[in-house]
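J.: Chain by chain, the residues run as shown.
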Amino acid sequence: MQVVKLSLKKANKIPIEADNVNPDNFAGKTAEEIKAISVWHGNGQFPLGDLFNVEVEGSDSVENTMIVFEGDVSRVKRIGQNMSAGEIEINGNVDMHCGFGMKGGKVVINGDADSWLGCEMTGGEIILNGNASYYVGSGYRGEACGMRGGKITINGNTKDYLGEHMCGGEILVKGNVGLLPAISNNGGKVVIEGNATMPASEMKNGTVIIKGEVSDLLPSYKEEGTEEVEGVTYRKFVGDVNVGGKGVLLIK
Amino acid sequence: MSEILIKNASVCDPAQGINCETMDICIRDGKIVDSVSENAKVIDAEGKLTMAGGFDGHTHSAGKINVGRFINPNDARKNLVPGLSGQVARTEKTRAQVGYNTPNTYAIGYRYAKLGYTTICEAAIPLLAARHTHEEFKEIPILDKMGLSLFGSNWQVMEYIRDKEPEKLAAYIAWGLKASRGYGVKIVNPGGGEAWGWGKNVSGLYDPVPNFDVTPAEILMGLAEANERLQLPHSVHVHCNNLGKPGNYATTIETMKLFEKVKPSRDRQSLHVTHVQFNAYAGTSWRDFETGAPMVSDYINGANHLTFDLGQVIFGPAVTMTADGPVEYANSRMLHEKWSNQDIELEDASGVVPLFYSPKSFVNAVQWAIGLELALLVKDPWKIMFTTDSPNGGSFVNYPEAFTYLMSAKRREEVISGFSKMALDRMVLPGIDRELDFYELAVMTRSAQSKIYSRPEKGNLKAGSDADIAIYDILPGQIDPATEYQKVKKAFSGAAYTLKDGVVVVKDGEIEATPKGRIYWVNAKVPENIDSPMQKDLDLKFKKYYTVSKSNYMVEDMYLENPVEIGTEGVF
Numbered sequence: 066m067q068v069v070k071l072s073l074k075k076a077n078k079i080p081i082e083a084d085n086v087n088p089d090n091f092a093g094k095t096a097e098e099i100k101a102i103s104v105w106h107g108n109g110q111f112p113l114g115d116l117f118n119v120e121v122e123g124s125d126s127v128e129n130t131m132i133v134f135e136g137d138v139s140r141v142k143r144i145g146q147n148m149s150a151g152e153i154e155i156n157g158n159v160d161m162h163c164g165f166g167m168k169g170g171k172v173v174i175n176g177d178a179d180s181w182l183g184c185e186m187t188g189g190e191i192i193l194n195g196n197a198s199y200y201v202g203s204g205y206r207g208e209a210c211g212m213r214g215g216k217i218t219i220n221g222n223t224k225d226y227l228g229e230h231m232c233g234g235e236i237l238v239k240g241n242v243g244l245l246p247a248i249s250n251n252g253g254k255v256v257i258e259g260n261a262t263m264p265a266s267e268m269k270n271g272t273v274i275i276k277g278e279v280s281d282l283l284p285s286y287k288e289e290g291t292e293e294v295e296g297v298t299y300r301k302f303v304g305d306v307n308v309g310g311k312g313v314l315l316i317k
Numbered sequence: 160m161s162e163i164l165i166k167n168a169s170v171c172d173p174a175q176g177i178n179c180e181t182m183d184i185c186i187r188d189g190k191i192v193d194s195v196s197e198n199a200k201v202i203d204a205e206g207k208l209t210m211a212g213g214f215d216g217h218t219h220s221a222g223k224i225n226v227g228r229f230i231n232p233n234d235a236r237k238n239l240v241p242g243l244s245g246q247v248a249r250t251e252k253t254r255a256q257v258g259y260n261t262p263n264t265y266a267i268g269y270r271y272a273k274l275g276y277t278t279i280c281e282a283a284i285p286l287l288a289a290r291h292t293h294e295e296f297k298e299i300p301i302l303d304k305m306g307l308s309l310f311g312s313n314w315q316v317m318e319y320i321r322d323k324e325p326e327k328l329a330a331y332i333a334w335g336l337k338a339s340r341g342y343g344v345k346i347v348n349p350g351g352g353e354a355w356g357w358g359k360n361v362s363g364l365y366d367p368v369p370n371f372d373v374t375p376a377e378i379l380m381g382l383a384e385a386n387e388r389l390q391l392p393h394s395v396h397v398h399c400n401n402l403g404k405p406g407n408y409a410t411t412i413e414t415m416k417l418f419e420k421v422k423p424s425r426d427r428q429s430l431h432v433t434h435v436q437f438n439a440y441a442g443t444s445w446r447d448f449e450t451g452a453p454m455v456s457d458y459i460n461g462a463n464h465l466t467f468d469l470g471q472v473i474f475g476p477a478v479t480m481t482a483d484g485p486v487e488y489a490n491s492r493m494l495h496e497k498w499s500n501q502d503i504e505l506e507d508a509s510g511v512v513p514l515f516y517s518p519k520s521f522v523n524a525v526q527w528a529i530g531l532e533l534a535l536l537v538k539d540p541w542k543i544m545f546t547t548d549s550p551n552g553g554s555f556v557n558y559p560e561a562f563t564y565l566m567s568a569k570r571r572e573e574v575i576s577g578f579s580k581m582a583l584d585r586m587v588l589p590g591i592d593r594e595l596d597f598y599e600l601a602v603m604t605r606s607a608q609s610k611i612y613s614r615p616e617k618g619n620l621k622a623g624s625d626a627d628i629a630i631y632d633i634l635p636g637q638i639d640p641a642t643e644y645q646k647v648k649k650a651f652s653g654a655a656y657t658l659k660d661g662v663v664v665v666k667d668g669e670i671e672a673t674p675k676g677r678i679y680w681v682n683a684k685v686p687e688n689i690d691s692p693m694q695k696d697l698d699l700k701f702k703k704y705y706t707v708s709k710s711n712y713m714v715e716d717m718y719l720e721n722p723v724e725i726g727t728e729g730v731f
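One line per chain: the protein sequences are A and B, in this order.
If you read the first sequence in this note's numbering, its first letter stands for residue 66, the second for the next number, and so on.
If you read the second sequence in this note's numbering, its first letter stands for residue 160, the second for the next number, and so on.
FYI, nobody ran anything at the bench for these hints, they're computed from the structure.
These numbers were taken from a predicted model, which means no experiment stands behind them.
One or more hints might be untrue.
Once the Cα atoms are required to be at most 25 Å apart in a straight line, the calculated DMTMM-like pairs of lysine to aspartate or glutamate come out as [claimed, not checked]:
1) B:LYS497 - A:GLU208
2) A:LYS94 - A:GLU82
3) A:LYS287 - B:ASP539
4) B:LYS237 - A:GLU120
5) B:LYS237 - A:ASP84
6) B:LYS237 - A:GLU278
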């Protein structure tokens, strides 16, 4: 097992783009080698060691590498981008694009996450023990597919456009979500335990289950009886008929 | 005085009938000359294919492409042709580049230059939005540029045609070219743009335009008459009615026939039909859709009054952008795709829809084949400009790939082997074994353009011509393009040298210098006694309908960098 502990030397206002910070890049490297990895800070590139205190214990493969962020990293973006294995633990708030394009491994955030959490991820798992902002598990602007695989669990609330253009994978939100969750999705599963507004518009495919209250249910859904999931009976809606969709929306 | 001597080049210059002969080319002050002094800088081109700079006669590179950019932000990160697409950080010589189908303006200049191209013609400038086109032109480095102005669904044009006022119509065209600083007359789905304002389309050459009581055929003939009256350097440039519909080959041939009676005022065609691939479809619906290329090319082989360009399809993502508003609506509905639509006030419509050409789709496979069938079935390469209607059929950065299709039957077979049986039944390409040589390719990519646009200083290596030269690291005779097509593709993907006005702009496939190109525009003279009554009619249009005033409408000189004004005398 290799454990890499990172903490900011001083809080930054100008964002740090930490797209190189993932187990794939850290596995088997010494503290000195990790400190030398360059990251963008504003419009310049700097060695990671200039911005973070780095402590390394052990040396191991990617699967057995864990990166731990101590303290708030709410201006550090793209942590865990494209990671394929291993684990990242963030003990604080994190900035945008955390876990972007993640292929495998696990990210645990003990704080809040900014927008675009787990965008375009294809595998692995993200557990957020806080609230998320906009566009969780969605696609890059203009793309037809967002998240394609893996699982995102949010133990708090999220804002609007959860799972936009999602094509696969699973998102579970224990709290409430904002406007238009699962908009334009084309596959995958979204489970919302709290409340939601205008869910699943333009859904072509996939499943959305909402256990809380639904406001402004869109008129473009056909009601087709009921369906039981894990012992609970939901009203079943199929649509969005506007786009000839075959998605399933289950609400109470 | 700067002099360059290109030594021992293997020159292919169809304008002079030179077919890959070893010779020297002399350059002084940006022009090709007969001889230079001993002090000339020497470029050793031994063993290298040398041609005039490429000339893309129909590309969407400024103006509407910007709508493509904002409808497809994800295009910025596409990198399907490494070296010619994707995100490239700025260097000391170049600015940052992004994108594939809708790259930023700088990337358009750099990438064309890398392919050995030095001149482009923007295919559609709406008069009202011409200022934006010129703003983009200004930021496209290296290349010489020109653009075609849209007149096919214009109220003033249709009224003059209806009222049989050909002189005023010619005066209006001259004014429109000046207002937009355009080079020629573009007609897109004549009448269809206006009909689209009412949610309709025109279905053929004799279907009247709503509220105007003129037919597409009358619009075409009226504009052709005005075009020849003004002695414009280019003929009318026509995107036919019914584009993209099965069975449209009949309309295309009908349109071509209509022009048999038009007498060109200069030594050029009287009609240029654009992206014919999209207009050479047989069948009656998408179910029985099949190639109409044999019928269209049969007609073209027997005709001498027209030229055309291909609109070749490249498999992968593309972005369609056209003034043909109803076609884009149909595309977006059929493909469930994003759609942008614009009404250009009194002038035209336009739309943008991204799409994906897949070899697995039988329709797309047949479309791909039709472009190549046209190129190979039409015997005379001087009638053809090679284009992909970039980015409608695919990005121009795929030209080298497309050249291999034209030059190698084996390469075509490779692609065709992935098609379904159904697709193969609907095309004639598998039975065609013609393979173009470098000479014919040079005709289609530079020399024909020079003739078609009446730009004698372009597309050839005669003394006196612009020193726009492409040198490719490949030697005809030593390679067989039919089998060694990967080498062909590699050589055309990054020129060993590209010279623009005698300046080395590309060396070994990398940008060396980024001089500013010229803007060509046409100023056709119209007598005062015809122009002023036309201006009065126009003033009324501005007063009653336009959202801008006439004085704010004209593209001013400050928008043009290195303008070249081509004067013509109208015959009245």
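J.: Check each numbered hint against the structure and report the violated ones by number, ascending.
T.: Those not satisfied are hints 3, 4 and 6.
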